[in-house]
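Number of protein chains: 2
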Amino acid sequence: MRMSELSDRSGVAVPTIKFYLREGLLAPGERTSPNQSAYDDSHVERLRLVRALIDVGGLSVAATSAVLAAVDNTGMPLDWAFGVAQQALPAVGADEDDAEALGVIDELIAERGWRIDPRNPGRATAARVLARYEALGLSHLRDGVGDYLRAAEIVAASDLTAVIASPDRSTQVETVVVGTVLGDSLFAGLRRIAQEQRSHELFDPTGTDCEDSE
Amino acid sequence: MRMSELSDRSGVAVPTIKFYLREGLLAPGERTSPNQSAYDDSHVERLRLVRALIDVGGLSVAATSAVLAAVDNTGMPLDWAFGVAQQALPAVGADEDDAEALGVIDELIAERGWRIDPRNPGRATAARVLARYEALGLSHLRDGVGDYLRAAEIVAASDLTAVIASPDRSTQVETVVVGTVLGDSLFAGLRRIAQEQRSHELFDPTGTDCEDSE
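So the sequence lines, in the order shown, correspond to chains A and B. With the first letter of the first sequence counted as 1, position 117 gets the number 117 in the numbering used here; the numbers rise by one all the way through. With the first letter of the second sequence counted as 1, position 176 gets the number 390 in the numbering used here; the numbers rise by one all the way through.
Same shape as in the complex, but just chain A (with noise of 0.2 Å):
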């Protein structure tokens, strides 16, 4: 197909696609003319997949492309694809004002027996949250890191078993990263969900404000 009825079938207009084949996060075309490729089915695949990780995962083009290597080196081992989907996380610089932090962290790690590389990347964004709550005179936020833990523990553990649940090794790979960006934002989502049902519960148990509205 042209590269206008990629743009109708993709949803993606021209002048956007033409800057990710700039960036080499889309694959060129087989060149037909001297100014004319043809595209095919796996483009489309690849511009949905692309709009996800910017559009929903909220990933830069940089991160994006460092995700789409991880799902094109089909020799990555598992546990190096994870490492690539958690780079996509936004970087946090080390700062000396967290080593407190860190420590808070890796006590929490410690308290569990887990053996985690002081390299991961959630280690200093973790740390880093719990260190500002400190700057900003809030520090009963961190009181809640257990209750955080503890949900991870359950996300992981599902995020996990979606791997093992995957057909063959590329939609492992595409489960691993796509999983960990967007599950970020579904995570996020239905935390807003949850948390006015917790408000309701707690500041309107009656549910007045919705009867009131009839």
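Please note: incorrect hints may appear among the correct ones.
As the list claims (entries may be wrong) - Footprint (simulated), chain A over chain B, 3 or more residues, beta carbon under 8 Å:
no. : segment
1   : 286-300
2   : 343-355
3   : 403-414
None of these hints come from the bench; they were simulated from the model. Glycine included, each C-beta is placed from N, C-alpha and C at the ideal position.
Given the coordinates of chain A, assemble chain B onto it according to the supplied hints.
Relative to the frame of chain A, chain B by itself:
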């Protein structure tokens, strides 16, 4: 203090402070001469909050501005503050492809007997992710949505406990907005840690990869 000292104490560069002043994220200082203003501790604190929302929470300047309005509006009911914090989710427009996925989310809500405002932005965000899983041929990732919701309940209960534990009204509102926005990052970080551990348990239960590296 002058702007140079405000910059030193907050760790935010002068041009960035000027940008925040123009965007209304930071209140003007008290003018002491035609081209000089005086700033105080409240400016240092506000800069810390702005940096936390932008750097750690990943918010845009526009979303940060909306969230700060909630913090500053002392008359705002607590459930409105939750509403504003919820709007800090990446905007998800309506999409007719999501209708089926919205039905899946609504069914989960109905099963629990919850009453959730259909405009809760978490509903559209979660549905969008489920729709993308399907479009990408990864519908087995949907099987985890019940686990995700169970985990979200644990986190939401913890979030509301922190709100109730806040000593005063303004701390309550700050706890809602900071805890909601930065809590997404905290959870994402802890999820990466739990994924690594779960992956060891499933694929490398004896921990040989660690011992080999000595």
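Against the structure, the hints come out as follows:
1. Counting residues of the segment 286-300 of chain B whose beta carbon lies closer than 8 Å to any beta carbon of chain A gives 4, which reaches the threshold of three, so the coverage claim holds.
2. Against chain A, the segment 343-355 of chain B contributes 10 residues with a C-beta closer than 8 Å to a partner C-beta. That satisfies the three-residue criterion, and the hint holds.
3. Note: the segment 403-414 of chain B has 12 residues with beta-carbon separation from chain A under 8 Å; the three-residue rule is met and the coverage holds.
When the structure is compared with the earlier hints, no violation turns up for any of them.
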